[in-house]
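Visitor: Put chain B on the given structure of chain A with help from the hints.
Residue numbers (this note's numbering), protein chains in the order written: chain A, 1 to 120; chain B, 1 to 67.
Possibly wrong hints are sitting among the right ones.
[Said to hold, decoys possible] Which chain A residues stay away from chain B? Per the calculated CB distances, all over 12 angstroms, these:
id, residue
1, ALA16
2, GLN34
3, VAL39
4, SER42
5, GLU55
6, GLY73
7, PHE83
8, SER91
9, ASP95
10, LEU106
[As the list claims (entries may be wrong)] Facing chain A, a subset of chain B residues (Cβ under 10 angstroms, in silico):
id, residue
11, VAL27
12, THR33
13, GLY40
[Stated by the list, open to error] Calculated pairs, EDC-like style, for lysine to aspartate or glutamate (alpha carbon to alpha carbon, straight line, at most 16 angstroms):
id, chain 1, residue 1, chain 2, residue 2
14, B, LYS54, B, GLU22
15, B, LYS16, B, ASP62
16, B, LYS39, B, GLU11
17, B, LYS26, A, ASP59
18, B, LYS26, A, GLU60
19, B, LYS16, B, GLU38
Keep in mind that the hints were calculated from the coordinates and are not lab data.
This structure is a prediction, so every number in the text was calculated from the model and none was measured.
The beta-carbon is built from N, C-alpha and C at its ideal position, and this holds for glycine as well.
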Amino acid sequence: MRHPYLQSAVTILALASLILVTDPFMSIMPTPAQMAVLVIVSVLLSVSIAFILTEQAVDEREVLHRLEASRAGYALGLATLMFALLIQGFSHSIDMWVVITIAVMLLAKVVVRFYDTLRK
Amino acid sequence: MSNTVRNTVYEYRQEKGMTQEELAQKVGVSRQTIISIEKGNYVPSVLLALQLSKVFRCSVNDLFTIS
Chain A
1 MRHPYLQSAV TILALASLIL VTDPFMSIMP TPAQMAVLVI VSVLLSVSIA FILTEQAVDE
61 REVLHRLEAS RAGYALGLAT LMFALLIQGF SHSIDMWVVI TIAVMLLAKV VVRFYDTLRK
Chain B
1 MSNTVRNTVY EYRQEKGMTQ EELAQKVGVS RQTIISIEKG NYVPSVLLAL QLSKVFRCSV
61 NDLFTIS
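Okay, chain A solo, but in the shape it has when bound (with noise of 0.2 angstroms):
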C-alpha cells in the first residue's frame, strides 16, 4: 500500500459518514444534512474505489496480499447482500439493487476470470 495511513483515514471517514447517513437514532440528521452527508459518502467512495483501481504493490508479497484483501473484501460483501436479500425476501420487500448489486459483483467476478483466462 503505497498510503497506507491516507487510505485508512478515507475508509474511517467513509465509514463514519455511512452510519450518519442512516440517521441511527432518526433525530439528529434533518434533511439538508442528510443530502450533505450523502455528497460527502459518494466522494469518500469514489476516492477508496480509486485507491483501488491505481493500488500497486512495492513487491510480490505485496501482491499475495492484496489478493487476499480483495477476495476478503469480495466474499464478505456478497455474504452481507446475501443477507440482506433473505432478510428482505421474508418480509416480501426486496431492494432491487441489493439484486442488481449481488449480479453485478458474480458477472464482474466471471467476466474478468475469463477474460484473464483468454489473455494469459
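Guide: Below, chain B without anything else, positioned relative to chain A:
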C-alpha cells in the same frame, strides 16, 4: 502430507555482511519481504529465489530446501 520450505537466506546474508535493507534493494523487494522469507513465513517466487541466489552467488538448492 504438506511440504514446508526451509531456507538459509539469513545465514548467507550474515556471511556476506549485508543488512536486510541492502539485500531487499538488491533483489527489488521490501525489507518486510526479506524478513518474512528469513522467518519462513513467505515462500518466494522462482524469480525472486533466482535473484537471491544470484546475489549470494550460490544455487537455489543451497538457499531453499523442501522438508
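Visitor: Hint by hint, say whether it matches the structure.
Guide: Results of checking the hints against the structure:
1. The claim that A:ALA16 lies off the interface holds: its Cβ sits roughly 30 angstroms from the closest Cβ of chain B, which is beyond the 12 angstroms cut-off.
2. For A:GLN34, the requirement that its beta carbon stay farther than 12 angstroms from each beta carbon of chain B is met, with the minimum near 43 angstroms.
3. In this structure A:VAL39 is separated from chain B by more than 12 angstroms, as the shortest Cβ-Cβ distance comes to about 37 angstroms.
4. Under the 12 angstroms C-beta cut-off, the non-interface status given to A:SER42 relative to chain B holds; the minimum distance is some 34 angstroms.
5. Separation of A:GLU55 from chain B is adequate, the least Cβ-Cβ distance of about 15 angstroms exceeding the 12 angstroms criterion.
6. Its beta-carbon lying about 22 angstroms from the closest one in chain B, A:GLY73 satisfies the requirement of being farther than 12 angstroms from that chain.
7. Listed as outside the interface, A:PHE83 is consistent with that label: its C-beta sits roughly 34 angstroms from the nearest C-beta of chain B, beyond the 12 angstroms cut-off.
8. Interface exclusion of A:SER91 from chain B stands, the closest Cβ pair being 47 angstroms apart, more than 12 angstroms.
9. Look at A:ASP95: its CB is around 42 angstroms from the nearest CB on chain B, clear of 12 angstroms, so calling it non-interface holds up.
10. With a least CB separation of 31 angstroms from chain B, A:LEU106 remains clear of the 12 angstroms interface cut-off, as annotated.
11. Hint status for B:VAL27 relative to chain A: holds, with the closest Cβ pair at about 9 angstroms, below 10 angstroms.
12. Hint on B:THR33 holds. Least Cβ distance to chain A is approximately 4 angstroms, under the 10 angstroms limit.
13. A distance limit of 10 angstroms between C-beta atoms decides the matter here; for B:GLY40 the minimum to chain A is near 13 angstroms, and the interface restraint is violated.
14. Pair hint B:LYS54 plus B:GLU22 holds up; C-alpha atoms about 14 angstroms apart against a cutoff of 16 angstroms.
15. Straight-line distance between C-alpha atoms of B:LYS16 and B:ASP62 comes to about 15 angstroms, which keeps the hinted pair within the 16 angstroms bound.
16. Proposed proximity of B:LYS39 and B:GLU11 is supported: the alpha carbons are some 12 angstroms apart, at most 16 angstroms.
17. A distance of roughly 13 angstroms separates the Cα atoms of B:LYS26 and A:ASP59; the hinted pair therefore holds under the 16 angstroms criterion.
18. A threshold of 16 angstroms between alpha carbons decides the hint, and for B:LYS26 with A:GLU60 the separation of about 15 angstroms falls inside it, so the pair holds.
19. Our distance criterion of 16 angstroms between C-alpha atoms is met by B:LYS16 and B:GLU38, whose separation comes to about 15 angstroms.
Hint compliance for this structure: hint 13 alone is broken.
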